[in-house]
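S.K.: From first to last, the protein sequence lines stand for chains A and B. Under our numbering, the residue at position 183 of the first sequence is numbered 183, and the numbers go up by one with no gaps. Under our numbering, the residue at position 59 of the second sequence is numbered 59, and the numbers go up by one with no gaps.
In short, the hints are calculated from the structure, not lab data. Hints are not guaranteed to be accurate.
[Claimed, not checked] Rough simulated footprint, nothing fancy, chain B against chain A, three-plus residues with beta-carbon under 8 Å:
| id | stretch |
| --- | --- |
| 1 | 123 to 134 |
| 2 | 267 to 279 |
| 3 | 288 to 300 |
[What the hints assert, rightly or not] Which chain A residues stay away from chain B? Per the calculated CB distances, all over 12 Å, these:
| id | residue |
| --- | --- |
| 4 | 50 |
| 5 | 101 |
| 6 | 214 |
| 7 | 256 |
| 8 | 282 |
| 9 | 283 |
| 10 | 306 |
| 11 | 315 |
| 12 | 354 |
[As the list claims (entries may be wrong)] Pairwise CB distance ranges, derived in the manner of DEER restraints:
| id | chain 1 | residue 1 | chain 2 | residue 2 | range |
| --- | --- | --- | --- | --- | --- |
| 13 | B | 30 | A | 262 | 56 to 66 Å |
| 14 | B | 53 | A | 250 | 30 to 40 Å |
| 15 | B | 1 | A | 40 | 50 to 60 Å |
| 16 | B | 58 | A | 253 | 13 to 23 Å |
| 17 | A | 59 | B | 332 | 49 to 59 Å |
| 18 | B | 58 | A | 170 | 51 to 61 Å |
| 19 | B | 278 | A | 334 | 48 to 58 Å |
| 20 | B | 134 | A | 250 | 54 to 64 Å |
| 21 | A | 5 | B | 15 | 44 to 54 Å |
| 22 | B | 271 | A | 5 | 26 to 36 Å |
Model, not experiment: these values are computed from the prediction. Each residue gets a CB set at the ideal place from its N, CA and C atoms; glycine is no exception.
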Amino acid sequence: MIDFELTEDQKAVCEMVRDFTANEVAPLARSQDTAGELDSALMDAIWQLEIVQSQCEPDGRSAFLAGLVLEELAAGDASVATAVASTMAYCLAITDHGTSDQRQALQESLKAPGFQALSLAVMEPSFGFSIGGLKTEAVASGAGFRLQGAKSMVPLASRCRSFLVVARYQEGEAAFIVPADAAGVLVREPCQTVGLRPLELSEVVFDNVGIPQGAMLGGSNGSNIQSIIDASRTAQACIMTGLSAAVLNHVVPYVKERIVHGTPLAQKQSVAFRVADIRIDTEAMRWMNWRSAWEIETGQNPTRLSALSYSFAGEKTMKIADEGLQMFGGHGFVQEHPLEMWYRNARAISVLEGVAGI
Amino acid sequence: MVDFSLTETDKKLIDLVREENEIGRAFARELDRTMEIEPSRLRGVHPAVADREDPFELLEGVHEETSGLVIAEALMFMASAQDVELRDVGGHEAFGSMVLRNFGTDVQKEKYGHLNLAIGITEPDAGSDPGAMRSYARYDQETDEYVLNGEKIFISFFNKFDGAVALVKVAGKDGSRPEFGTFVLVKGAPGLIESPQMRKLGVRKHELSGFVMQDLRVPAVARLDADFGKTLSNFNHNRPIVSAVALASCRSLLDFTRDKLKAAGVELDYTQGTSGRSALVDRFIRLESLWEASWGTVMRAKWLEHKQGMYSNGYRTEASIAKAMGAKAARDITQGCLEILGPESLSEEYLAEKWFRDVRIADIYEGAGEIQRVLIARDIFGYKKELS
């Protein structure tokens with residue numbers, strides 16, 4: 001039965017995260033962007049909200065709620081939201097697909113008092129990279145596997161204790177839990193990206209890395225890699241919606257105050273209509289994400305809708321950030337306002353694949 | 001709790017309208033070519049569906065088993081391109097009758113309630129700007145009648161219905177400013193002159209005409225206590241439906257395009273990223289995403305309507321969002337599908353070109369896309385007349 005009503009619990013969580021985002025996350029977005037790193041006290045505070053940990057408990061697992069939370073966080077800072085989503089992607093892949101040993105090991109790291117950086121490693125360093133054309137490969141070797149290849153744009157790679165590496169294996173794909181300190185793993189210096197700068201996106205090279213048998217996600221049966229990609233696409237679409245909502249909230253007071261040739265910008269149709277389009281597209285994105293997340297949560301095949309949500313959100317979020325910047329004119333181009341940062345972040349989040357999960 | 005599943009009854013109703021549309025498609029081309037020239041609109045029920053349940057009648061009876069009456073209705077509209085009318089119009093398409101039912105007194109309902117009434121708002125020089133209306137009513141105290149002059153155009157089914165509810169300006173008392181008034185006009189009255197049907201780009205099954213009022217005299221009882229704002233509150237219900245109807249044709253065209261691509265050896269693979277699929281497939285996926293995005297906005301508006309009631313103004317911005325989103329998507333989807341399909345799609349052998357023409361009206365009627373954006377922006381900015 002079609003219903004758009006959030007439960008009281010969901011509303012309460014959203015409200016809590018919204019307040020936290022407004023008070024704690026948004027004020028640090030610029031300084032983190034400038035520094036090119038996350039504020040560790042902020043990330044520890046987020047960790048203590050137990051957003052990730054609660055998702056890893058049987059009765060706390062809700063892809064839908066996770067999506068709601070990511071949108072709220074991203075309204076304050078898409079980088080912070082993506083950092084959380086990155087750890088979440090790793091943890092939820094193991095929670096949903098891992099063997100009991102793998103889940104038990106994960107529970108240990110979840111007990112840590114401070115933020116745990118953990119990442120999927122999906123993308124690879126080549127122009128025109130497509131998620132369907134992985135080159136990193138795992139081959140069976142002795143009692144385990146050997147992993148060869150390179151992954152790029154891995155969030156917080158130098159802080160991760162472990163990666164979940166998606167690689168070609170036999171006829172398909174599989175994911176492998178690879179500790180950052182395993183022999184043959186080389187984490188390169190962060191490459192300084194145009195957007196999502198605090199994520200310290202880096203390349204990670206796997207040079208003939210030996211992996212024990214128990215490290216293949218899901219054990220010898222492997223796991224459904226596509227479902228990890230689906231969850232990532234939906235999670236990223238949620239983050240993009242939060243970013244779009246932030247643009248809308250920021251431009252509204254400005255275009256009402258800014259007088260040009262005698263009247264506020266907001267009274268000019270060319271501006272007002274574009275603001276209306278931002279609202280239309282942001283809402284359309286949100287309901288589509290809700291539906292994708294609902295499909296994930298209710299165990300349906302979310303591949304098609306996740307791809308559509310991600311495609312729609314990516315196209316519209318870039319446009320929304322672009323239009324928001326344009327409405328601010330020169331003020332949009334300088335760093336006194338967040339528009340130029342959001343413009344960069346919008347491009348980044350909409351071309352990455354496999355950095356998030358719900 | 002957020003839920004996007006359909007009830008069994010939702011699904012049954014959707015299947016019924018889909019099946020009925022499949023049956024009707026056999027007649028769709030013929031109707032498209034001839035309908036608007038002759039008043040050939042079906043009277044009664046087409047033999048092809050004579051033994052089938054009327055899905056919309058059924059809905060009235062079983063709506064408690066659906067996701068909600070107005071939600072299920074929108075789902076049904078989105079499920080069938082309604083290429084032909086296999087059943088007589090009336091009831092839900094008689095917009096003027098709805099205004100009478102909602103705002104008429106018992107006396108007025110007694111007098112006019114049995115009639116199917118169209119609604120007349122648009123004029124040759126006044127579409128979305130009612131302030132520009134020139135139709136005028138003057139009260140004649142001696143006869144207790146109003147005398148109406150003016151012209152109304154773009155009226156759905158006026159040729160078929162018994163009359164119309166018309167919005168006109170009424171001369172103020174003692175020289176005060178004119179106000180808007182709503183009148184029931186019944187065919188046959190001297191001075192109510194029906195205009196010929198209009199020939200148009202698409203939805204040719206949908207008859208459109210108008211009327212001229214030339215010293216048309218109506219009794220004072222024909223004036224409804226439905227002011228302009230109240231009359232237009234119906235729009236909140238209708239706007240997402242306009243989207244839904246257009247999205248149905250888009251669904252047909254997307255399905256047609258998918259089938260033809262498949263036959264040509266082009267498979268749609270949703271697992272691939274943007275750079276892993278052809279430009280053709282990428283284009284198609286983006287058009288599909290527009291459809292799904294629009295679906296969400298229609299459902300959202302209808303869910304709010306279901307909760308708040310049809311005449312609430314509490315969902316008017318969401319209704320405008322659904323209308324603006326779906327109608328623009330319909331333009332993009334149909335234009336895009338024909339481009340993907342290429343020259344063969346131009347042929348009248350297929351319905352593709354018909355769907356392309358049919359949906360174009362969606363971004364114009366019941367408030368053009370620009371009007372929806374004015375309304376949405378006013379809501380965002382807390383404006384009224386500051387933005388027009």
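S.K.: Against which earlier hints does the structure fall short, listed by number upward?
M.R.: Violated hints: 7, 8, 9, 10, 11, 12, 14, 15, 16, 17, 19, 20 and 21; rest satisfied.
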